[in-house]
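Chemist: Read off the chains here:
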Amino acid sequence: MTVNQFLILGALLFSLGVYGVLVRRNAVAVLLSIELMLAAVNINLVAFGSLLGDTLHTGHIFALFVITVAAAEVGIGLAIVILIFRNRSSANVDELDLMKW
Amino acid sequence: MFDYHALLPEFILGATLLVVLGVDLLVAPRRRWLAGAAGIVGLLAAGVPLLTLAGVGGTREMFAGSYVVDDFALVVKGLFLVAGAIVLLASMSYLRGDRYYEGEYYFLILASIAGAVVMASARDLITMFIGLELVSAPAFLLAGWRKGDLRSNEASLKFFLIGVLSSAVLLFGMSLVYGTTGESTFTRIAGATAAVSGESAFVLGVLFTLVGFGFKIAAVPFHFWAPDTYQGAPLPVAAYLSVGSKGAGVVGLLTICYSAFAGARDVWGPALWVLAALTMTVGNLTALRQSNVVRLLGYSSVAHAGFILVPFAMAAAFEGPALEEAFFGSLTYLLVYAFMNLGAFAAVIAIAERTGSREIDDWAGLARYSPTLATLLGVFFFSLAGIPPLAGWFAKFVMFKAVLGDPGNAWGVSLAVIAAVNAVIALFFYARVLKAAFMDPAPESLPEGAPLSRPLAAALVITLAVTLAAGFYPQLLAFFGEAARGLALP
Numbered sequence: 001m002t003v004n005q006f007l008i009l010g011a012l013l014f015s016l017g018v019y020g021v022l023v024r025r026n027a028v029a030v031l032l033s034i035e036l037m038l039a040a041v042n043i044n045l046v047a048f049g050s051l052l053g054d055t056l057h058t059g060h061i062f063a064l065f066v067i068t069v070a071a072a073e074v075g076i077g078l079a080i081v082i083l084i085f086r087n088r089s090s091a092n093v094d095e096l097d098l099m100k101w
Numbered sequence: 001m002f003d004y005h006a007l008l009p010e011f012i013l014g015a016t017l018l019v020v021l022g023v024d025l026l027v028a029p030r031r032r033w034l035a036g037a038a039g040i041v042g043l044l045a046a047g048v049p050l051l052t053l054a055g056v057g058g059t060r061e062m063f064a065g066s067y068v069v070d071d072f073a074l075v076v077k078g079l080f081l082v083a084g085a086i087v088l089l090a091s092m093s094y095l096r097g098d099r100y101y102e103g104e105y106y107f108l109i110l111a112s113i114a115g116a117v118v119m120a121s122a123r124d125l126i127t128m129f130i131g132l133e134l135v136s137a138p139a140f141l142l143a144g145w146r147k148g149d150l151r152s153n154e155a156s157l158k159f160f161l162i163g164v165l166s167s168a169v170l171l172f173g174m175s176l177v178y179g180t181t182g183e184s185t186f187t188r189i190a191g192a193t194a195a196v197s198g199e200s201a202f203v204l205g206v207l208f209t210l211v212g213f214g215f216k217i218a219a220v221p222f223h224f225w226a227p228d229t230y231q232g233a234p235l236p237v238a239a240y241l242s243v244g245s246k247g248a249g250v251v252g253l254l255t256i257c258y259s260a261f262a263g264a265r266d267v268w269g270p271a272l273w274v275l276a277a278l279t280m281t282v283g284n285l286t287a288l289r290q291s292n293v294v295r296l297l298g299y300s301s302v303a304h305a306g307f308i309l310v311p312f313a314m315a316a317a318f319e320g321p322a323l324e325e326a327f328f329g330s331l332t333y334l335l336v337y338a339f340m341n342l343g344a345f346a347a348v349i350a351i352a353e354r355t356g357s358r359e360i361d362d363w364a365g366l367a368r369y370s371p372t373l374a375t376l377l378g379v380f381f382f383s384l385a386g387i388p389p390l391a392g393w394f395a396k397f398v399m400f401k402a403v404l405g406d407p408g409n410a411w412g413v414s415l416a417v418i419a420a421v422n423a424v425i426a427l428f429f430y431a432r433v434l435k436a437a438f439m440d441p442a443p444e445s446l447p448e449g450a451p452l453s454r455p456l457a458a459a460l461v462i463t464l465a466v467t468l469a470a471g472f473y474p475q476l477l478a479f480f481g482e483a484a485r486g487l488a489l490p
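Quick note, the sequences are listed as chains A and B, same order. When we follow my numbering, the leftmost residue of the first sequence carries the number 1, and every step to the right adds one. When we follow my numbering, the leftmost residue of the second sequence carries the number 1, and every step to the right adds one.
Hints are not guaranteed to be accurate.
Stated by the list, open to error - Ranges of calculated distance between the beta carbons of each label pair, as one might list FRET restraints:
1. B:Ala201 / A:Ser90: 34 to 44 Å
2. B:Gly97 / A:Asn4: 17 to 27 Å
3. A:Arg86 / B:Gly449: 26 to 36 Å
To be verified - Anything over 10 Å on all C-beta distances counts as not near chain A; from chain B, calculated:
4. Glu154
5. Val164
6. Phe172
7. Gln231
8. Leu404
These are computed hints drawn from the structure, not numbers from a lab. Virtual Cβ for every residue (Gly too), placed ideally from N, Cα, C.
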């Protein structure tokens with residue numbers, strides 16, 4: 001077993017996330033795409049951690065930190081999205097254009 | 001393993017966070033400012049162990065080298081603590097006038113400052129990530145503090161999405177760096193074979209990390225969120241973002257590039273050269289056409305990030321003393337910029353309260369009916385433009401001196417030329433605001449403004465004193481920059 005298959009999966013997932021951030025218009029969908037990117041990071045970290053046989057398990061611990069922080073950030077993000085939805089009855093990021101240039 | 005003396009500032013900040021929450025819970029709503037006062041006392045108390053640590057001297061390493069307290073960390077921590085105290089002072093009257101929450105605001109600002117303090121010592125990928133998130137996460141909420149204001153909502157969502165996106169990009173880079181080197185501590189990353197030989201996956205990791213930090217410090221082309229967020233966020237929060245949040249990003253970028261990526265200087269050097277040139281030029285040119293003062297300051301802070309990057313970008317090509325000079329140039333610029341920009345924001349808060357507007361046109365004739373505020377605005381804006389004898393000229397002087405450290409280096413000279421042209425452009429838009437304030441006729445009916453509140457006046461006096469003192473006696477700030485010169489350079 002090589003590490004390449006995991007890295008390719010990670011890179012694909014990351015690219016999919018970037019695509020979603022650029023294309024999706026709903027703020028929740030953008031948030032989900034960013035979560036995909038973070039999942040790609042976790043796959044990378046765990047794959048590298050196993051490959052390297054790191055006795056400190058840095059990769060696995062790093063992944064745990066990423067998961068925890070991502071959960072906290074989603075909490076903040078959903079709060080902001082709910083706030084916006086209450087004020088304008090829409091979570092479309094294209095309509096957020098009060099400020100330009 | 002546990003060095004309590006070295007960790008004391010963080011412990012005091014943690015205790016202050018709890019105290020602020022408690023005070024907010026216990027006092028009557030109209031005495032909520034006490035929570036802010038407790039926060040300021042806590043920030044100053046956290047500064048005391050910094051002084052004793054500086055007195056003892058030396059480098060203290062903890063947790064297998066992932067948390068280091070050296071002179072550089074002490075100077076930067078001190079900067080963040082003082083900047084936090086100034087932001088809290090400038091926030092108090094603003095929050096009084098608002099009908100939104102007050103105690104929680106102080107708590108979140110302090111939490112963000114605590115993150116910046118951790119960033120200053122972080123010498124490990126995981127610690128740096130945690131520090132950076134602790135800086136950003138409270139800031140997302142602070143940007144959207146005016147819940148009913150659509151602009152504030154928009155500022156908050158844009159800032160949040162870009163912030164999380166940049167973290168994901170940064171983490172992807174960090175995962176590649178960890179995977180190729182097998183290490184997460186900076187000094188050991190620098191020594192790993194993949195870093196020394198410049199393996200392609202490692203180089204990719206370095207580039208991803210640069211992009212992630214580029215978003216955090218709002219470098220062009222990753223800057224578009226910054227002016228929107230500054231304009232929509234409450235004014236003191238914008239002041240904090242432009243100094244605390246950006247400062248933490250710059251400090252993270254400095255430490256990770258100088259220590260972990262020391263072997264990859266030929267990668268980040270040219271990348272930062274392009275970023276610096278673009279950031280200065282686009283930031284200044286866009287600032288020229290702004291009619292809103294806060295937005296203008298937003299673009300001006302983008303441009304200043306470019307000036308901070310100038311010596312840093314050239315460091316890649318320098319060796320020995322010139323390399324140290326470049327580090328010193330970036331850090332001194334950050335120190336000076338922090339104070340003059342906080343001062344400029346404090347002046348803008350005071351004038352916006354006085355005139356009830358943030359549009360340049362509405363500030364016409366300010367000098368006629370409020371000469372003190374107009375003069376303060378003039379001092380800070382001229383300092384930002386780099387006019388002697390205000391602090392800004394010293395920052396620019398050190399920057400040019402550093403970037404021209406090797407006169408034979410064509411890249412350094414061309415970057416210095418770009419920076420010089422930009423310094424001239426910048427003078428135009430700062431002067432435009434001052435022309436409105438000093439030369440244009442005052443409106444028929446003068447705006448009915450509230451008198452200057454005492455905390456805001458204190459913030460203005462502190463920043464004014466530093467801006468003038470550092471301009472007349474540059475040795476003062478140079479001393480701090482000097483103390484921090486010795487970051488573990490390769």
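Chemist: Hint by hint, say whether it matches the structure.
Modeler: Verification of the supplied hints:
no.: 1; hint: B:Ala201 / A:Ser90: 34 to 44 Å; verdict: holds (42 Å)
no.: 2; hint: B:Gly97 / A:Asn4: 17 to 27 Å; verdict: violated (59 Å)
no.: 3; hint: A:Arg86 / B:Gly449: 26 to 36 Å; verdict: holds (32 Å)
no.: 4; hint: Glu154; verdict: violated (5 Å)
no.: 5; hint: Val164; verdict: violated (5 Å)
no.: 6; hint: Phe172; verdict: violated (5 Å)
no.: 7; hint: Gln231; verdict: violated (5 Å)
no.: 8; hint: Leu404; verdict: holds (35 Å)
Taken one by one, the earlier hints fail for this structure at numbers 2, 4, 5, 6, 7, listed in ascending order.
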